[in-house]
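Asks: Given next are the chains, with one letter for each unit.
4 protein chains.
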Amino acid sequence: MAPLKLGMVGGGQGAFIGGVHRMAARLDGCFELVAGAFSSDPARAHASAAEIGIDGDRSYADFTEMAQAEAARTDGIDAVSIVTPNHLHGPIAEAFLAQDISVICDKPMTATVAQAESLLSAAEASKGHFFLTHNYTGYPMVRQARQMVSEGALGNIRIIEANYLQDWLSEAPAEDNKQAKWRTDPAQSGGGAIGDIGTHAYNLVCFVTGKPAVSLSATLRTHVDGRMVDDDARIALQYACGARAHIWASQVAIGNENNLTLAVYGSKGSLRWAQENPNVLWFSELGKASQQITRGGGGGNEAASAVTRIPAGHPEGYLEAFATLYREAADVIRSTGGKSPSIGAQDGLEGVRFVDACQRSSMDTSAWIDLR
Amino acid sequence: MAPLKLGMVGGGQGAFIGGVHRMAARLDGCFELVAGAFSSDPARAHASAAEIGIDGDRSYADFTEMAQAEAARTDGIDAVSIVTPNHLHGPIAEAFLAQDISVICDKPMTATVAQAESLLSAAEASKGHFFLTHNYTGYPMVRQARQMVSEGALGNIRIIEANYLQDWLSEAPAEDNKQAKWRTDPAQSGGGAIGDIGTHAYNLVCFVTGKPAVSLSATLRTHVDGRMVDDDARIALQYACGARAHIWASQVAIGNENNLTLAVYGSKGSLRWAQENPNVLWFSELGKASQQITRGGGGGNEAASAVTRIPAGHPEGYLEAFATLYREAADVIRSTGGKSPSIGAQDGLEGVRFVDACQRSSMDTSAWIDLR
Amino acid sequence: MAPLKLGMVGGGQGAFIGGVHRMAARLDGCFELVAGAFSSDPARAHASAAEIGIDGDRSYADFTEMAQAEAARTDGIDAVSIVTPNHLHGPIAEAFLAQDISVICDKPMTATVAQAESLLSAAEASKGHFFLTHNYTGYPMVRQARQMVSEGALGNIRIIEANYLQDWLSEAPAEDNKQAKWRTDPAQSGGGAIGDIGTHAYNLVCFVTGKPAVSLSATLRTHVDGRMVDDDARIALQYACGARAHIWASQVAIGNENNLTLAVYGSKGSLRWAQENPNVLWFSELGKASQQITRGGGGGNEAASAVTRIPAGHPEGYLEAFATLYREAADVIRSTGGKSPSIGAQDGLEGVRFVDACQRSSMDTSAWIDLR
Amino acid sequence: MAPLKLGMVGGGQGAFIGGVHRMAARLDGCFELVAGAFSSDPARAHASAAEIGIDGDRSYADFTEMAQAEAARTDGIDAVSIVTPNHLHGPIAEAFLAQDISVICDKPMTATVAQAESLLSAAEASKGHFFLTHNYTGYPMVRQARQMVSEGALGNIRIIEANYLQDWLSEAPAEDNKQAKWRTDPAQSGGGAIGDIGTHAYNLVCFVTGKPAVSLSATLRTHVDGRMVDDDARIALQYACGARAHIWASQVAIGNENNLTLAVYGSKGSLRWAQENPNVLWFSELGKASQQITRGGGGGNEAASAVTRIPAGHPEGYLEAFATLYREAADVIRSTGGKSPSIGAQDGLEGVRFVDACQRSSMDTSAWIDLR
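Chain order of the listed sequences is A, B, C and D.
For the first sequence, the positions run 272 to 643 when the numbering used here is used.
For the second sequence, the positions run 272 to 643 when the numbering used here is used.
For the third sequence, the positions run 272 to 643 when the numbering used here is used.
For the fourth sequence, the positions run 272 to 643 when the numbering used here is used.
Don't take every hint at face value.
One copy or two, it doesn't matter: identical chains are merged, so the pair holds either way.
Unchecked claim - Listed next, the in silico DSBU-like pairs over lysine-lysine satisfying Cα-Cα at most 35 Å (straight line):
hint, residue 1, residue 2
1, Lys449, Lys559
2, Lys559, Lys539
3, Lys539, Lys449
4, Lys482, Lys539
5, Lys482, Lys559
6, Lys452, Lys559
7, Lys276, Lys452
8, Lys539, Lys452
9, Lys398, Lys482
It is worth saying that the hints were derived from the structure and are not from the lab.
Whole structure, please, built from the sequences with the hints as guidance.
Replies: Structure representation (structure tokens):
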């Protein structure tokens with residue numbers, strides 16, 4: 272099957288997540304990158320395009336121009352990946368959706384709730400699809416966990432615990448650290464740890480449990496002098512069924528690299544998973560020996576198998592999980608002749624609302640904010 | 272050196288912690304158990320005494336009688352271990368302190384703050400000492416951690432995380448489960464998870480960081496229908512320096528046995544420790560490979576060495592940590608001819624105040640309670 | 272940079288390793304798969320080609336025809352991946368090398384020493400390159416280990432321990448298990464565990480230590496009734512410097528999936544690595560706390576960085592390591608205008624000689640066989 | 272129940288294992304140490320006795336005198352612990368057995384086979400018992416493993432793997448290291464790593480599998496210049512059923528403290544255990560998720576429960592396992608009015624024969640030595 276044609280906005284020289292999206296798009300052969308506006312600086316945009324191997328006539332310095340030009344081509348792109356700083360996600364996505372080109376957007380969806388609501392409307396109006404890359408949901412053991420929870424393997428959910436701990440912002444970053452720079456600029460990022468990694472933890476909780484929270488209470492803190500955004504966030508979430516979730520996202524927890532963990536405790540059993548060794552899922556039933564379920568190994572279920580590429584014991588990692596989202600996006604794009612309802616936009620809006628609610632709660636002495 | 276003479280109140284047939292105290296008292300040969308009031312039921316008291324190998328004339332059914340009789344003997348006990356349900360700790364301890372007999376008391380000190388304050392006064396007035404067995408502080412790697420923090424190895428403390436997770440109360444316990452029964456009776460225990468294990472986590476935080484908290488906010492919850500006490504507790508603690516601690520104590524976290532963990536994050540480094548594999552301490556400095564410090568191995572410090580019995584790689588466990596407290600109690604009793612200031616009573620009072628503050632906060636929508 | 276053009280022989284429907292090679296070839300965008308002889312059965316070959324997205328005119332049922340046809344095209348393939356059963360590697364590789372097309376061959380190089388020697392000559396005579404995919408050498412932490420050993424971080428090497436444990440052949444396989452079938456047919460595989468996974472362990476030892484062994488003693492055993500090849504192999508290797516290596520490869524070690532581990536002990540320190548969690552390397556210096564070096568994290572060296580795609584804590588896995596070999600092959604193919612000396616063929620010959628020596632040793636009561 | 276009266280030979284100031292035996296004897300209250308010949312140097316013997324708290328009239332400088340004097344007392348010792356260098360075990364044990372005093376002897380039983388055979392005869396002739404402290408067999412999870420193997424949980428045993436890795440002799444020890452000194456003196460130890468720790472691994476294999484080996488092939492090596500004994504030993508053991516065991520004992524494996532591990536692979540399942548975290552036993556059945564059985568937790572069996580003191584998750588360690596052997600010795604001494612057949616002596620003889628066979632095999636180019 273011939274690959275779909277993909278464009279990219281952002282992700283030029285010096286960027287991190289652009290390269291990740293390119294590898295993820297390539298891994299399963301579902302997409303071929305053929306166009307890009309890799310930077311708003313024309314020289315850098317074209318240099319990046321040349322390096323990546325994009326034809327000169329499909330290298331753009333302006334995303335609006337790119338959206339129009341690609342829409343006008345008979346061999347124009349089927350989808351565009353957006354990998355810019357957060358505050359540009361909305362305008363760029365809307366520009367492509369307006370041309371009925373599908374959008375695969377890095378998280379969070381936007382930097383503000385207003386942008387997210389506007390984007391949601393744009394997605395609903397477009398013949399293109401909107402996909403948000405909450406990449407951790409692509410891990411097979413996360414899929415396994417979701418199926419087990421939905422099948423009732425844990426009984427009634429009581430407690431959910433999601434931590435995302437990093438340490439790379441434990442000190443004020445060097446001046447030339449581009450990644451750190453835009454992430455710690457509130458105008459560009461829309462938030463600090465809460466937006467960068469807290470949203471991942473929140474999305475993971477939503478994805479695995481399938482439950483909408485009723486309300487939240489958050490405490491955002493900043494440990495590094497002079498930093499304008501939070502670098503450590505604690506959130507409690509209340510559910511209608513009585514369950515609670517606790518999220519801790521920190522970028523100053525020395526000794527942690529990308530230590531995203533999830534634990535779900537129910538009345539009958541529990542599941543525990545850690546992103547840094549993602550091929551393993553611990554399952555405990557009350558009164559029995561704990562089991563180590565492995566990707567591809569004994570105890571695996573259909574949801575995990577469906578996104579497993581290689582045999583048990585040969586680790587799949589971050590890029591494979593990311594690639595799964597690209598593969599699933601390709602499947603949707605290919606399978607929906609007419610327009611299906613927008614898929615990732617509602618999730619994306621909820622993520623941005625979560626960040627907003629956390630910020631409001633934290634400024635109001637951690638008051639409980641209704642999420643309904 | 273001849274062992275000190277020890278008595279015990281509580282810990283008869285069917286009890287758990289009494290046996291632990293007896294093993295801990297024996298391990299280093301510092302104490303010889305010679306008297307006891309092992310139960311308030313005379314038949315059970317004497318049967319237990321016989322089983323344990325206590326002479327009939329030093330088996331008592333009443334602790335007041337025991338305190339007076341032992342004080343009157345020339346070969347009377349030097350110290351008494353109190354291993355009854357929590358609400359009896361205060362009266363029993365006072366009875367022995369009134370006779371100038373030292374007291375080694377299981378935690379929490381008492382079931383109420385009023386009892387604790389009364390006991391503190393009694394301890395100050397007595398020629399005997401008061402010791403509280405916060406046994407996890409006896410682990411060599413906990414001592415190592417305390418020394419490292421006090422020496423500044425972590426820089427300024429930012430975040431402290433202590434979890435104590437169990438699962439043995441995930442369901443309503445069987446009728447004949449004596450342990451579960453008194454622990455879930457508020458009149459006997461003074462609290463549920465918060466008093467039983469939350470106090471351990473709090474004490475561990477205090478012990479390792481040496482910091483007094485300014486205020487706390489707590490949420491106590493009960494997940495099992497019909498239970499009269501909390502089985503899951505979350506506490507945030509604020510420190511004057513800006514640091515925060517978070518404690519999570521749960522008795523319904525399936526898959527956890529006695530999963531007490533401590534992590535301390537500072538501006539320069541972090542320490543992480545887990546009680547279930549207690550001979551290991553993780554130390555991370557920003558930008559360097561994390562190190563696994565082992566009891567008795569490379570990287571160990573004086574505080575750890577002082578309480579280490581056997582070489583690295585031969586695990587010491589719970590009983591050794593407990594025995595360290597007995598050995599240290601023996602050293603104090605032997606070394607202080609005259610009366611030294613009371614040692615464990617202030618800590619004990621703080622522990623009971625902690626439980627009380629948590630209960631008050633939780634009932635008042637997790638309001639912040641001043642601890643000063 | 273435009274991708275190189277790649278062909279493939281083998282790897283059609285029902286095969287495992289073909290899909291792995293395709294993903295590995297795609298990940299970094301260095302190769303584009305444009306031709307293939309995916310099966311010796313024409314119907315299956317063409318059906319596979321269609322599924323993979325290969326144009327009909329470049330789908331072949333015969334590898335000789337494919338080599339000639341591709342060599343004749345102006346847009347012919349730059350390299351071919353060989354992913355057939357072992358006994359066909361030699362003839363196919365020679366057919367392509369004869370056309371000066373580079374070869375990327377799955378291991379072991381061939382099923383017999385005679386085939387390997389013939390192939391080595393063919394590689395030397397060709398303008399094409401020969402690459403062998405000992406894929407575990409592509410892991411960043413394996414590269415890290417090699418650099419550390421060569422820099423003397425361990426002192427003089429004393430003991431090397433490499434285990435590769437699986438359990439998928441613990442029982443006689445089902446009739447329709449294609450993977451198990453050819454691997455347990457001596458005519459197709461040239462050996463059992465020794466050839467399938469023992470060669471990987473041996474290659475890893477050679478790669479990390481850079482030492483040629485002087486002699487070996489092997490014991491091959493078969494634990495499943497009726498099996499015609501070994502399923503468990505133990506090999507001792509003697510080195511000129513006095514060091515010894517021990518290799519244990521087993522396909523009947525229940526509870527192990529692809530548990531390949533390497534430990535190197537020297538006079539000053541040691542390294543330990545495990546493939547199932549490959550982003551971590553343990554480094555111990557005598558008398559110091561052991562360190563956990565992570566891919567991309569503190570303590571990493573240049574060799575590891577050179578093959579690292581994403582930040583620390585976001586796990587790279589098996590496919591990334593495999594893809595690194597493809598990327599390195601692409602670099603060689605692109606950079607060598609004229610013919611460089613053959614690269615992987617000598618290693619490949621040594622691997623086949625290793626299998627042969629193990630089989631001879633084992634049949635001769637584990638006699639020591641000279642490898643020089 | 273009043274404790275039994277215990278004496279000790281060896282274990283004075285500066286010794287290691289003597290203190291271990293004293294703690295183990297005390298932990299469960301089964302023994303009271305009342306007499307000792309703690310050194311062959313009278314001044315040191317008496318100083319040690321005073322420090323330990325032994326009455327002056329029961330402190331001896333000569334073990335023969337001690338045996339006779341204690342036998343003559345109406346309150347004489349019931350048993351003696353022997354914790355001297357290996358070459359003295361035999362003569363001392365025989366002196367006490369000759370007085371019908373039971374002997375609890377550190378391993379290995381003796382330094383030579385001739386001594387062991389003599390001691391076996393002496394044990395059979397005595398009214399006292401002979402116990403050998405293969406202390407690792409006291410771990411609850413080792414007992415669990417033995418029961419599971421004997422019940423057939425693994426099917427037919429195929430492969431047994433026991434490693435005992437240390438690093439404390441990686442360099443020539445300091446002159447004043449008493450422990451290292453006698454252990455590396457062949458006259459006192461009877462062997463190096465093979466006798467000191469290889470015997471433990473061998474005994475563990477025998478204990479868990481219950482199988483007598485038919486023959487062995489051993490390779491003993493010395494990595495440190497000038498050392499007179501082996502510091503690294505590899506042994507293969509053949510069983511009548513076709514199974515093989517492999518033992519690796521090393522004292523130069525940097526990064527290992529007392530890393531004793533056991534794995535038993537059968538046709539249906541496997542068990543894996545590691546002494547440094549001894550409260551966990553991994554159990555894998557073919558095709559199922561691996562289970563983590565914990566001491567006191569779900570999946571535990573009767574053999575483990577019988578030697579478990581405290582609840583799951585509160586780690587028991589090395590001293591508890593050691594104490595279990597003392598408790599079991601006390602039970603035997605108390606329960607056998609008349610003389611039961613000797614218990615530990617046959618095991619002890621087999622251990623010494625194992626060391627002797629390994630040494631002979633190694634000197635004869637690793638020839639297979641019959642053990643029957």
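Asks: Need the list of violated hint numbers for this structure, in ascending order.
Replies: none
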